[in-house]
Amino acid sequence: MIKRLAAVWHARNLEFVRDRRTMIFSLLMPIALVLGMSFVFGGKERPLFKVGVIATVIDKQANPFLHERYVEFVPIADQSTGIRKVTHQQIDLLLDLHGTPRYWVNTDSPKGYIVEKLLLGAANGAQRQQVTGEAVRYVDYLFPGILGMNMMFSCLFGVGYVVLRYRKSGFLKRLHATPLTAFEFLTAQVLSRLGLILFVTTVLYVGIGTVIHFHRAGSGLLIILIAVLGALSMVAMGLTVAARFSSEEVVGGILNLLTWPMMLLSGVWYSLEGSPEWVQWVAGIFPLTHVLAAARAVMIDGAGVAEISSHLIYLAATALVFLALGAWSFKWRYD
Amino acid sequence: MREVPLASARVSEPILEVRNLVKHYPNVTAVDGLSLAVPEGVCFGLLGPNGAGKTTTIEIMEGILDATSGEVRYRGAPLDQRFREEAGILFQKTALQDFLTVRQSITLFRGLYTRGLDVDEVIRLCALEKLENRDNRKLSGGQQQRLLLAIALVNDPSVLFLDEPTTGLDPQARRNFWELIQSIKARKKSIILTTHYMEEAELLCDEIAIVDRGRIIAQGTPRRLLQEHFEEVMLELPRKDFPDSARNLPLRIIDVAERVEISTADLDATLRILIDAHVPLAHLRIRPANLEDLFLELTGKELRA
Numbered sequence: 014m015i016k017r018l019a020a021v022w023h024a025r026n027l028e029f030v031r032d033r034r035t036m037i038f039s040l041l042m043p044i045a046l047v048l049g050m051s052f053v054f055g056g057k058e059r060p061l062f063k064v065g066v067i068a069t070v071i072d073k074q075a076n077p078f079l080h081e082r083y084v085e086f087v088p089i090a091d092q093s094t095g096i097r098k099v100t101h102q103q104i105d106l107l108l109d110l111h112g113t114p115r116y117w118v119n120t121d122s123p124k125g126y127i128v129e130k131l132l133l134g135a136a137n138g139a140q141r142q143q144v145t146g147e148a149v150r151y152v153d154y155l156f157p158g159i160l161g162m163n164m165m166f167s168c169l170f171g172v173g174y175v176v177l178r179y180r181k182s183g184f185l186k187r188l189h190a191t192p193l194t195a196f197e198f199l200t201a202q203v204l205s206r207l208g209l210i211l212f213v214t215t216v217l218y219v220g221i222g223t224v225i226h227f228h229r230a231g232s233g234l235l236i237i238l239i240a241v242l243g244a245l246s247m248v249a250m251g252l253t254v255a256a257r258f259s260s261e262e263v264v265g266g267i268l269n270l271l272t273w274p275m276m277l278l279s280g281v282w283y284s285l286e287g288s289p290e291w292v293q294w295v296a297g298i299f300p301l302t303h304v305l306a307a308a309r310a311v312m313i314d315g316a317g318v319a320e321i322s323s324h325l326i327y328l329a330a331t332a333l334v335f336l337a338l339g340a341w342s343f344k345w346r347y348d
Numbered sequence: 533m534r535e536v537p538l539a540s541a542r543v544s545e546p547i548l549e550v551r552n553l554v555k556h557y558p559n560v561t562a563v564d565g566l567s568l569a570v571p572e573g574v575c576f577g578l579l580g581p582n583g584a585g586k587t588t589t590i591e592i593m594e595g596i597l598d599a600t601s602g603e604v605r606y607r608g609a610p611l612d613q614r615f616r617e618e619a620g621i622l623f624q625k626t627a628l629q630d631f632l633t634v635r636q637s638i639t640l641f642r643g644l645y646t647r648g649l650d651v652d653e654v655i656r657l658c659a660l661e662k663l664e665n666r667d668n669r670k671l672s673g674g675q676q677q678r679l680l681l682a683i684a685l686v687n688d689p690s691v692l693f694l695d696e697p698t699t700g701l702d703p704q705a706r707r708n709f710w711e712l713i714q715s716i717k718a719r720k721k722s723i724i725l726t727t728h729y730m731e732e733a734e735l736l737c738d739e740i741a742i743v744d745r746g747r748i749i750a751q752g753t754p755r756r757l758l759q760e761h762f763e764e765v766m767l768e769l770p771r772k773d774f775p776d777s778a779r780n781l782p783l784r785i786i787d788v789a790e791r792v793e794i795s796t797a798d799l800d801a802t803l804r805i806l807i808d809a810h811v812p813l814a815h816l817r818i819r820p821a822n823l824e825d826l827f828l829e830l831t832g833k834e835l836r837a
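So the protein sequences, as listed, match chains A and B.
For reference, each letter of the first sequence is one residue, going 14 to 348 in the working numbering.
For reference, each letter of the second sequence is one residue, going 533 to 837 in the working numbering.
I should point out that these hints are in silico values taken from the structure, not numbers from a laboratory.
Predicted model only: the values in this text are computed from it and were never measured.
Glycine included, every Cβ here is placed at the ideal spot set by N, Cα and C.
Heads up, a few of these hints could be off.
Said to hold, decoys possible - A few chain A positions that, by computed beta-carbon distances, are all more than 12 Å from chain B:
1. Leu18
2. Val84
3. Asp109
4. Gly183
5. Thr194
6. Val216
7. Gly222
Said to hold, decoys possible - Here are the simulated lysine-lysine pairs, BS3-like style, with alpha carbons at most 25 Å apart:
8. Lys181/A with Lys670/B
9. Lys670/B with Lys344/A
10. Lys16/A with Lys73/A
11. Lys63/A with Lys73/A
12. Lys344/A with Lys63/A
13. Lys625/B with Lys772/B
14. Lys181/A with Lys625/B
To be verified - Pair by pair, the computed Cβ-Cβ distance ranges are:
15. Tyr557/B with Phe196/A: 27 to 35 Å
16. Lys625/B with Gly265/A: 37 to 45 Å
17. Gly222/A with Asn665/B: 33 to 41 Å
18. Lys625/B with Leu270/A: 26 to 34 Å
19. Phe196/A with Arg656/B: 52 to 60 Å
Just need the whole structure built from these sequences, with the hints factored in.
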């Protein structure tokens with residue numbers, strides 16, 4: 014079994030490496046995106062102050078400060094989330110109006126300094142709580158999203174169309190006439206694509222990280238583990254889509270149906286906090302959502318294994334389910 | 533149409549046996565109760581026109597297509613992993629993995645079998661030495677078929693399936709391919725060959741089965757079948773030389789494309805009749821009956837119809 018698997022894995026790697034156009038596109042697309050985003054969002058800060066208020070719904074009458082102009086007030090579900098956001102300067106100040114007003118401000122943040130003056134002018138007597146922390150730029154937030162999105166496209170389209178091409182050309186039918194099993198074939202494809210994705214992602218991670226000096230608080234090994242499980246889950250998903258169909262239109266349609274919602278709802282571009290509950294529920298189905306949530310938790314907040322274990326378990330489980338489903342429904346022939 | 537009994541009884545167990553094979557597609561019965569036995573070490577030909585059911589039959593025998601009913605047995609047992617390890621297959625149409633050289637393509641398939649020939653030996657056997665580093669997409673039709681044959685031989689198969697292996701090849705490439713298959717025959721391999729080239733079948737096959745509408749309508753060695761069905765010789769005349777008035781002569785006349793064929797057991801008498809009827813004989817050709825004549829005799833069709 015290992016010998017057969019290795020033969021197919023090796024041949025697929027040769028095919029990918031020699032297909033220079035695909036290889037170059039796989040590397041250039043995300044580099045261009047990250048550099049573009051870094052250029053657009055990296056330097057300039059938006060001129061709006063953002064203040065978090067610990068509340069489900071903000072009652073404007075609760076404090077005169079809430080009437081200040083040029084300040085956006087956003088509800089924050091709990092204190093720890095708010096403090097984390099102040100630490101990373103994702104908000105300029107956190108306000109708790111329950112009982113005696115309290116506020117948290119980041120002493121490293123210039124905007125925090127100004128918005129604190131505004132607060133004290135409008136609501137003198139609020140108790141000051143101090144935090145410190147380096148700002149998390151939008152590009153720091155975006156970077157894992159871009160890597161994840163590139164991984165998603167590579168996993169789904171890279172594998173889905175390859176299997177479809179093999180089926181249409183009759184290559185799968187020829188393999189079927191050998192002792193190779195569907196599970197061996199699919200596993201070889203998964204491993205081959207996994208290796209390539211990890212290579213490309215590592216190159217991007219190191220290369221772009223050198224250029225934009227992104228924020229990384231947590232363990233590099235944990236990020237690799239997230240990448241491995243995420244890629245396995247999404248490659249297996251791509252194989253499941255391609256396992257049965259022979260039409261490019263059908264496979265292309267299904268892949269688009271998966272990638273577009275994932276791209277929009279998995280939190281690639283922005284956080285889903287504050288979006289309707291059903292949107293968050295749908296987003297929770299997508300493997301990419303778990304990849305990004307786990308990666309950002311590690312990279313931005315320095316989370317450990319325990320804190321992201323639910324994401325890791327979900328990714329591992331979906332990888333196994335998709336692979337089993339793909340092997341079960343796999344069709345060698347083109348009808 | 534008459535049913536013909538199975539191949540003559542043999543002492544040894546057949547390497548492959550097909551029993552009452554049926555394959556239904558929506559609105560079409562591609563194989564209709566077909567049975568045959570392939571003795572070990574022979575080249576067995578499945579002949580028939582397009583749509584006769586021979587590719588469906590061979591694909592069921594190869595184990596890559598499921599039959600509606602009936603069974604295929606390899607060395608007395610149902611097709612299993614052992615069969616996959618010991619069978620070599622050349623499909624009518626197939627593609628290989630892109631961006632691989634000839635050698636890498638062979639190496640890939642060699643890796644899928646537990647036993648087999650050395651890659652260098654297969655390359656030598658199929659005369660691919662000068663092409664081994666060429667991208668498999670840049671081969672001519674004949675070279676491509678030699679590579680596919682090499683892949684079919686990489687596991688040193690006991691039984692080799694060749695589905696219309698020379699269709700689309702130019703005459704020279706076809707002859708080269710026949711020489712290759714003859715060298716494989718010399719290694720005592722069992723070969724199952726489908727073709728609609730009668731010359732190919734006569735040259736390579738020890739035994740043939742003619743298939744039409746999913747059934748075998750004749751089976752045996754080419755020589756025996758011709759002896760059974762023909763005592764006659766065939767006279768061929770261009771149709772333009774054959775006047776309409778001559779169609780009423782007491783002869784067995786068959787129209788084939790642009791020529792008229794007359795089948796006769798009494799050549800002298802037939803020639804006298806034609807001379808008396810003033811039929812021009814300047815382009816007359818006399819030849820023994822061949823497999824194509826046999827097919828016409830049995831089905832009334834041209835093989836390549």
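Find the hints from earlier in the document that the structure breaks and name them by number, from lowest to highest.
When the structure is compared with the hints, numbers 1, 4, 5, 9, 10, 12, 13, 16, 19 turn out to be violated.
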